[in-house]
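**Q** Listed below are the residues making up each chain.
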Amino acid sequence: MGRYLINRLLISIPTLIATSMVIFGLLALAPGDPLGEFALNPSITAEVRENLRISLGLDQPLPIRYVKWFYSFLTGNWGWSFTSLSPVRDLVAQRIGATLAIVGLAYLWGGLAAFPLGVISAIKRYSLTDQAITLFAFLGFSMPTYFTGLLFIIVFSVNLGWFPFVYDSTVQVMDWNTLIQQFKQSIMPITVLGLWEMATLMRFVRSATLDSINQDYVRTARSKGLQEWVVINRHVLRNTLIPVVTLIALRVPTIFAGALITEQVFRVPGIGSLLISAIQQNDTPVVMSITFIYGILVVIFNLVADVLYGFLDPRVSYSK
Amino acid sequence: MNQPPSEELVAIRDTDISDADELAMKPRTYWGDVWRHFRRHRMAVAGGIVLIVIVLATALGPFVYTVSPKKIDFAHSMEQPTATHLFGTNDMGQDMLARALWGGRISMIVAVFAMLVGISLGMAVGAASGFMGGTWVDMILMRITDLFLSMPQLPLLLLIVYLFRASITKLFGAELGVFVMVILVIGILNWMPVARLVRASFLSAREMDYVKAARALGASPWRQVFRHIFPNVMGPVIVAATLSVGTAIITESMLSFLGLGFPPDTPTWGRMLYESQNFLSLAPNMALSPGILIFLTVLSVNALGDGLRDALDPQQRNR
Numbered sequence: 001m002g003r004y005l006i007n008r009l010l011i012s013i014p015t016l017i018a019t020s021m022v023i024f025g026l027l028a029l030a031p032g033d034p035l036g037e038f039a040l041n042p043s044i045t046a047e048v049r050e051n052l053r054i055s056l057g058l059d060q061p062l063p064i065r066y067v068k069w070f071y072s073f074l075t076g077n078w079g080w081s082f083t084s085l086s087p088v089r090d091l092v093a094q095r096i097g098a099t100l101a102i103v104g105l106a107y108l109w110g111g112l113a114a115f116p117l118g119v120i121s122a123i124k125r126y127s128l129t130d131q132a133i134t135l136f137a138f139l140g141f142s143m144p145t146y147f148t149g150l151l152f153i154i155v156f157s158v159n160l161g162w163f164p165f166v167y168d169s170t171v172q173v174m175d176w177n178t179l180i181q182q183f184k185q186s187i188m189p190i191t192v193l194g195l196w197e198m199a200t201l202m203r204f205v206r207s208a209t210l211d212s213i214n215q216d217y218v219r220t221a222r223s224k225g226l227q228e229w230v231v232i233n234r235h236v237l238r239n240t241l242i243p244v245v246t247l248i249a250l251r252v253p254t255i256f257a258g259a260l261i262t263e264q265v266f267r268v269p270g271i272g273s274l275l276i277s278a279i280q281q282n283d284t285p286v287v288m289s290i291t292f293i294y295g296i297l298v299v300i301f302n303l304v305a306d307v308l309y310g311f312l313d314p315r316v317s318y319s320k
Numbered sequence: 001m002n003q004p005p006s007e008e009l010v011a012i013r014d015t016d017i018s019d020a021d022e023l024a025m026k027p028r029t030y031w032g033d034v035w036r037h038f039r040r041h042r043m044a045v046a047g048g049i050v051l052i053v054i055v056l057a058t059a060l061g062p063f064v065y066t067v068s069p070k071k072i073d074f075a076h077s078m079e080q081p082t083a084t085h086l087f088g089t090n091d092m093g094q095d096m097l098a099r100a101l102w103g104g105r106i107s108m109i110v111a112v113f114a115m116l117v118g119i120s121l122g123m124a125v126g127a128a129s130g131f132m133g134g135t136w137v138d139m140i141l142m143r144i145t146d147l148f149l150s151m152p153q154l155p156l157l158l159l160i161v162y163l164f165r166a167s168i169t170k171l172f173g174a175e176l177g178v179f180v181m182v183i184l185v186i187g188i189l190n191w192m193p194v195a196r197l198v199r200a201s202f203l204s205a206r207e208m209d210y211v212k213a214a215r216a217l218g219a220s221p222w223r224q225v226f227r228h229i230f231p232n233v234m235g236p237v238i239v240a241a242t243l244s245v246g247t248a249i250i251t252e253s254m255l256s257f258l259g260l261g262f263p264p265d266t267p268t269w270g271r272m273l274y275e276s277q278n279f280l281s282l283a284p285n286m287a288l289s290p291g292i293l294i295f296l297t298v299l300s301v302n303a304l305g306d307g308l309r310d311a312l313d314p315q316q317r318n319r
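Protein sequence lines, in the order shown, are assigned to chains A and B. First residue of the first sequence? That's 1 in our numbering, and the numbers climb one at a time after it. First residue of the second sequence? That's 1 in our numbering, and the numbers climb one at a time after it.
In case anyone wonders, no lab produced these hints; they're calculated from the structure. The structure displayed is predicted, hence computed values, not measured ones. Don't be surprised by glycine CBs; every beta carbon is placed ideally from N, CA and C. One thing to keep in mind: the hints can contain errors.
What the hints assert, rightly or not - Derived coverage of chain B by chain A (criterion: at least 3 residues anywhere in the stretch with Cβ under 8 Å from a Cβ of chain A; other residues may be distant):
1) 101-112
2) 150-157
3) 233-246
4) 277-289
I would like the entire structure built from these sequences, with the hints used as guidance.
**A** This is the structure we're talking about:
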């Protein structure tokens, strides 16, 4: 297991470096001069501009600039936001909690709901229940989260008035009332994101269960007289878990993308909505940092899934 | 023992066999079989019909329904659906049906072109990788594919749009520039699954007897690929192409929804949703009409893809 873990860890480092190179390369390729604004300013002479350029390290060749950028990113120096004039790190630190909470909770309930539904759907294949679940999954993943979100707002906030329209970031959980308030305003984004995740996972759980339900060991378990519930629980479910966990890992980038949209719909102050507002305000340091943070998050979650995979399937960790 | 003959036997007995030769001459083709199986998949047929209706409506609709999508009429702003405005009007009194038809046109064209970019890129990479299976070319191409798969695609897409938008619109003009950029970016970030699929099919097809036979007969690599392997990997590629149209529609609408897609005076479905956000309580029709259209289109594309998957795979059919 230890060697397997180290192996996985070593594989994720090149991925991280490559992602950072792509992000930096895009910025380097992009037209436009970082000091372009000063060119129009008559009080800043060409000489001052040149000095600024040198002091910012812009006179150095690209590889050196890349290494410096990468190094300072790793050491926590993410630069300063152009618009709010505060360190990017502080801005991100304020916001990342909301994103992780929403992604985590949505993934949790989506996965927890998808599992039993997918398994039931597979066990009762072609029954009315199966058809209903399949149809629901089909509708679910054809519905983009931005539309589900707006629909939820129209139904639950506008017509029924159950939940607030917009996420209020000033709410701090101090007592019972604020806890309820926090719960009320978080429930819609988490539900929307989880529904979408559930729809996709459900179909996959169904097909993974169908694959493992026809295996020889399942027939053996049945023929030695085990109860159906025990057969499903001990023999089918465990083997269904393995491919499903792999899929969950592969879907991590997609769920962060979904979260980005959901945050925007409900105005949740996460890093996704920070990214969008930074793009609208031409705040390059923030845009770069958040894109890279998404890259890091994806790599971390892939690693977590790999570890789980090794944990669930002993064959993986023994063979390496 | 003396049962009356079954209906089936009666039907066979009474069959007119004078044109038997002609019947026997009619060969069963692969595509004939595909159609026969596809027809039985009710959801897929329904999806296909809905999709055709939407495509026709967006392609021909603006000629039939000649209300201008840009005509501003503040006296009739935010009207809910009526006989004169079937989908109601938006905050500036513009007719929502006209905007939905025009917007659908753009969404559809973008989706189809983005699909073509993604599929061709994926096929090229997958075919090269699969045909050279086991060599360093294959290894490098697959590492690149894995790398693209483990990158945060949406944030990267936004980064590219952010960094290159100005220069591309300068090059092609505001509308065409965004058009080109959105197509390229969606295509470039969506080719990986197709590449993997094509590679896997290539690797298995390469070892098939008919390809070995072609190789033994001295067929050139090009001939092996285009004449013998490609026809056999087309099935999964067609399915992937269909499904990726759905993804492209969602992605394009998402960009517009974030306010990073087409300019404000170009109505696309995503842009209409973006504009609706501030009027959800006063004019829910502004969100519902484009939203339901996106949903319906993606749903029917997915249903169609599902049906094609079952119909195109001869091994799947007999199960």
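**Q** If a hint holds in the structure, say so; if it doesn't, say that too.
**A** Hint-by-hint comparison with the structure:
{"no.": "1", "hint": "101-112", "result": "violated (count 0)"}
{"no.": "2", "hint": "150-157", "result": "holds (count 7)"}
{"no.": "3", "hint": "233-246", "result": "violated (count 1)"}
{"no.": "4", "hint": "277-289", "result": "holds (count 6)"}
Hints 1, 3 from the earlier list are contradicted by this structure; the remaining hints agree with it.
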